[in-house]
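Enquirer: In the numbering used here, each residue carries its 1-based index in the sequence shown increased by 9.
No false leads were slipped in.
With a straight-line cut-off of 27 Å between C-alpha atoms, the simulated DSS-like cross-links for lysine-lysine are: (1) 159 / 187; (2) 191 / 276; (3) 73 / 63; (4) 377 / 412; (5) 196 / 141; (6) 74 / 88; (7) 186 / 159; (8) 191 / 141; (9) 141 / 88.
Derived CB-CB ranges, DEER-like: (10) 153 / 332: 37 to 43 Å; (11) 89 / 360: 45 to 51 Å; (12) 107 / 197: 22 to 28 Å.
Calculated from the structure, these hints are not laboratory results.
For each residue, glycine too, the CB sits at the ideal point set by N, CA and C.
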Amino acid sequence: MIADLSFIKIFASAWRLLADNKEALQAIGSILTPLAVFIGSVIVQVWIYLQNKKIDEETKINDKKINNEQQKITKQISKHERKTAVEGFRRETLDGYLNRMSSLIEQGISNKKNSSIILGQVARALTIATIKELDSNRNRQVTFFLYETKLIQDVDNLFHTELPLLSESDLGNINLKKSFLKDANLKNSNLSGANLAGANLENVNLENANLQGANLAGVNLENANLKNANLQGANLEKSRLNNACMIGINLGGADLSNTKLHGADLKEANLKGCNLFQAEIIDATLTGANLRRAKLINATIKNSNLSDTFLKYAKISLAELTEVNFQNAYLRLVVFESEVNISENKGVLQLRKGFSTTLSGEKIVSGKAKLTNVDLRGATLDSADFSGAIFEQVDLRGAKYPKNSPETALNMDAPIFPENFDESQIENFVADKCSN
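Could you put together the complete structure from these sequences and hints?
Expert: Here is the structure:
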């Protein structure tokens, strides 16, 4: 407080001196006025600079936004224009194909045999080229047209040739989704990587055809001929293969989950590593088939012949086996687990009586496989695990496996039978060690 009063007194004294000395006051004023003007000018310039900079930045941001919007609109227009152009091209291609084929058919009816054969070759080339250009919807129209005109069946009477329009053709990676190919002859054709999901392939001839990696999900292949066809790695999930001839077929690593194989003939088929989750194998023949590492989890196998099959490492957990012939089958290291992790993408799980589920990220299913009237005579059972199975009238006479006894040490190659199963009455002998 005292210091403040002293400062005020000093300031007042100085001001009185300046007031008394007008010349000194004028001199100070003459110095301060230009300085104040200069400082004010600098402040104004700085303010103007900052405002201009702010405006420039806002302008750049707005320009960028406008440019982005323009690019977005341009892309949308380009995308729409491209889509419109592609649609127009495909529409014109389909119309041109149908018109050209109609003309060829008329000429084929009126011309002599030799001329008709040439017309047939033209029709074949035109058809294959057209199918490769079109989308699935228009290809469906093409295949239905070919079916109605009977140009893809076993014998082409119109163009007087035994080689149908699509037989032995190269249709790799083609889009034939939901196409209509009933009764078609596609023998020896290349359809590797093709999309045939949901297609009607009833009674189709695919003998020796290459469908490696093809998408056949939900396909109707009833009564189809797939003899010696290559479907390695193909997706046949939820497909219908009832009464199909699949002798010698290669289904290695294929997905056959939820498929129906009623009456199918799979003699000598390669099913190595394939997924047969929840498949229905009823009245089927699989004699001599290779099912090494196959997954038959929750599958239904009834009245089927699996004699002489190779099932090493196969997983048959939770399955229902009734009236199944496994005579002389190789079941070394086969597994019947009582608890299985089921992938969530396998659709509706069909739970049998006595099964239970637990949801914890993936579905854990607990239950027992049921073997009723199953014939295992002469089968190799080394290290097989039947702990997750229930035996009801299982015939094990002559089954080959090392037997444990109280007099000998535990044999690690002996099979694990279901709890409370009495094997004392089974005629068996110790099998030789197998390195397969």
